[in-house]
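> Residue numbering for the sequence shown follows our numbering, beginning at 179 and increasing consecutively.
Calculated from the structure, these hints are not laboratory results.
Virtual Cβ for every residue (Gly too), placed ideally from N, Cα, C.
Just so you know, not all the hints are guaranteed correct.
Said to hold, decoys possible - Mimicking DMTMM-like on lysine to aspartate or glutamate, the simulated pairs with C-alpha atoms at most 25 Å apart in a straight line are: (1) Lys-597 x Glu-780; (2) Lys-412 x Glu-645; (3) Lys-631 x Asp-777; (4) Lys-194 x Glu-384; (5) Lys-740 x Glu-509; (6) Lys-512 x Glu-800; (7) Lys-294 x Asp-268; (8) Lys-802 x Glu-780; (9) Lys-198 x Asp-209; (10) Lys-353 x Glu-761; (11) Lys-631 x Glu-800; (12) Lys-724 x Glu-423; (13) Lys-573 x Glu-509; (14) Lys-724 x Glu-503; (15) Lys-294 x Glu-408; (16) Lys-631 x Glu-503.
Said to hold, decoys possible - With beta-carbon atoms standing in for the labels, derived distance ranges: (17) Lys-740 x Ala-210: 39 to 45 Å; (18) Ser-405 x Lys-649: 29 to 35 Å; (19) Lys-194 x Pro-745: 43 to 49 Å; (20) Glu-415 x Pro-394: 29 to 35 Å.
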Amino acid sequence: MCGIAGFCNWKTDWEKNIRKMNDRMRHRGPDAPGIWASEDGSVVFGHQRLSIVDLSENGAQPMQSHSGRFEIAFNGEIYNYKQIAKRLLDEKKVDHFRGGSDTEVLLEAMEHYGVKEAISMCKGMFAIALYDREERVLYLLRDRIGEKPLYYGFVNGSFVFASDIGSIAALDGFKNGINKDVLDIYFVHGYIPAPYSIYEDIRKLEPGCILTLRQPFAEPELEAYWSVREAARKGQENLFTGSREEAAQELERLLKNSIREQMVADVPVGAFLSAGIDSSTIVALMQSLNSGRVKSFTIGMGEAEYNEAEAAREIAKILGTEHTELYITEEDAKAVIPRLAFMFGEPFADSSQIPTYLVSKMTREHVTVSLSGDGGDELFCGYTSYASVSRIWNKMKNVPYFLRKPCSGLVLHSPLARKEIFRIKGKLLGAKDPADIYLQSRLTDPLTMEIAKQRGNLPYKYTTMPEGYLKEVNHTIMLMDMLMYHPDDILVKVDRTAMAVSLETRVPMLDKDVVEFAWSLPVEYERQGETGKLVLRDVLYKYVPKELMDRPKKGFSIPIAKWLKEPSLRAWAETLIDRRTLESQGMLNPEMVWTIWKDFVENGVWRIQIWYILMFQAWMAERKLAV
């Protein structure tokens, strides 16, 4: 795990600026910095290394290919690099490797097989910068699902890229304005989805994509080498024909293969254990593959409704792991809040970022790599919202849209709309299809779209899902989440919080083979009524008693609404949303912000947008300090 950065045709002191970029992301790779520049200084790479595989200097980056043609800066892991290395040796593409790093293997594969073919044979998580010195071409690549971040764009006319958007903002003369067009999206969802970022002229490379930039480094070209949308379509067109028992057997085999590869490291490895289906399955399979005791980690909270530590302890005991738990206090959680803006680099407001950081911090005291169970809900129909959308659509679908749409308008413009329940029903009644139901369910509060002063109208993945792309309703919504919510919220949260303490996280369920198999499953193997993840449960119940897992999921949440009413955090919040501050910034509508805040503190009306507003303002404050 590492951080990468660089630029092309930088016009001022390149060495000073690449060091500034490296310094800003030192937490991503504290073991060693690295810098490389082309002979003419037109292309410069920076790298911060967190040593995981081949801890020697042979794994140092940036790294040059054996021939000297290619230079690479690589963030991530290639889990099947040993198989690729064997192929290179067997086919006599190389006669030896200098060391034992996956970076060297990846570099040689790209030189000998071509960039697209080489990356297509890789299984892993990665963000990559590759420079072809002969053709004078820069390539940027990102993994299939979006585990590792990669920002790119233009600053003062020069092309730049980095793992951390804060590294780009640290460049001399950085004056890219705030991208006001994304604010509406942010205040609906609490994050900024790819390809957009908070800054003008800075974008996120989308998962499964290759960016090609040829000299004079002015016009990037984008190409997909893999698409989760296409994987979903192919899977649903070629459904698994075996029994549910056979599906569970195949899933267990694929997950074990993924976990076996992802447990390989030259540093200590452990796993998060939250007591949910997903993390419990990963830990159970890890332990089944390990002759020793797997190290598992969880955090607990004093509030019973948020605490899963006791259940996690029971599961760990059954599995026989070496279990570590930490009970966090309100003070522990509150102490994290001032660090969040720096940690994420742009506005991000999933409040589970706080416990995720705390469990990462505790885990890092014991191991350098931790496996996580992320992906189970999106791949195996776990969220209850999927069943809700399906239920609503089944009630609506037989009424033609041309009839429903005017009825929706009548409800929304009648006195009934003053009541939330009728406003929600009115919104959903006007939805065109299941995807639109899912989107409209987030737009029922009219205040949400009034927070930002400037209205944006950018298309994004929740608004551009092709109608009828997948036949089954649950699968449509699952795909929407795999395209946006999972990579741009869940994976961002895990990457940034773990990297803040130099912990590498790996996600076995996002293995290419697991993902493609999951999309081939019929929905009845995934969900029945209110119970989801059926085939995943079938795997887990071989290792953990069913009765222990059949309980309400508490998730990884915190009582943020309760805490914000207490004097210290309330004072912090009200300082951030001071009317004069809001007016001078010119980004948010002060009247609307204070309407939402007063509804909360005076009437107890909690809107998730409160946290979104506070995280945006915290980022604005951090940005001002950084200038």
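> All hints are to be evaluated individually against the structure, with a verdict given for each.
Each hint, compared with the structure:
1. Lys-597 x Glu-780: 19 Å, holds
2. Lys-412 x Glu-645: Within the cut-off at roughly 17 Å; holds.
3. Lys-631 x Asp-777: With Cα atoms ~20 Å apart, Lys-631 and Asp-777 stay inside 25 Å; holds.
4. Lys-194 x Glu-384: Violated, at about 29 Å.
5. Lys-740 x Glu-509: Roughly 13 Å separates the two Cα atoms, so the pair holds.
6. Lys-512 x Glu-800: 17 Å, holds
7. Lys-294 x Asp-268: Since the Cα atoms of Lys-294 and Asp-268 sit roughly 21 Å apart, the hinted pair holds (cutoff 25 Å).
8. Lys-802 x Glu-780: Roughly 31 Å between the alpha carbons, so the hint for Lys-802 and Glu-780 is violated.
9. Lys-198 x Asp-209: 17 Å, holds
10. Lys-353 x Glu-761: 21 Å, holds
11. Lys-631 x Glu-800: 21 Å, holds
12. Lys-724 x Glu-423: 16 Å, holds
13. Lys-573 x Glu-509: Distance of about 47 Å is beyond 25 Å: violated.
14. Lys-724 x Glu-503: 23 Å, holds
15. Lys-294 x Glu-408: Holds, at about 17 Å.
16. Lys-631 x Glu-503: Between Lys-631 and Glu-503 the Cα gap is close to 45 Å, so the pair fails against 25 Å, i.e. violated.
17. Lys-740 x Ala-210: 39 to 45 Å: Once the Cβ atoms are compared, 43 Å apart, the range 39 to 45 Å for Ala-210 and Lys-740 holds.
18. Ser-405 x Lys-649: 29 to 35 Å: 18 Å, violated
19. Lys-194 x Pro-745: 43 to 49 Å: 44 Å, holds
20. Glu-415 x Pro-394: 29 to 35 Å: 43 Å, violated
Going down the numbered hints, you'll see the structure goes against 4, 8, 13, 16, 18, 20, while the others check out.
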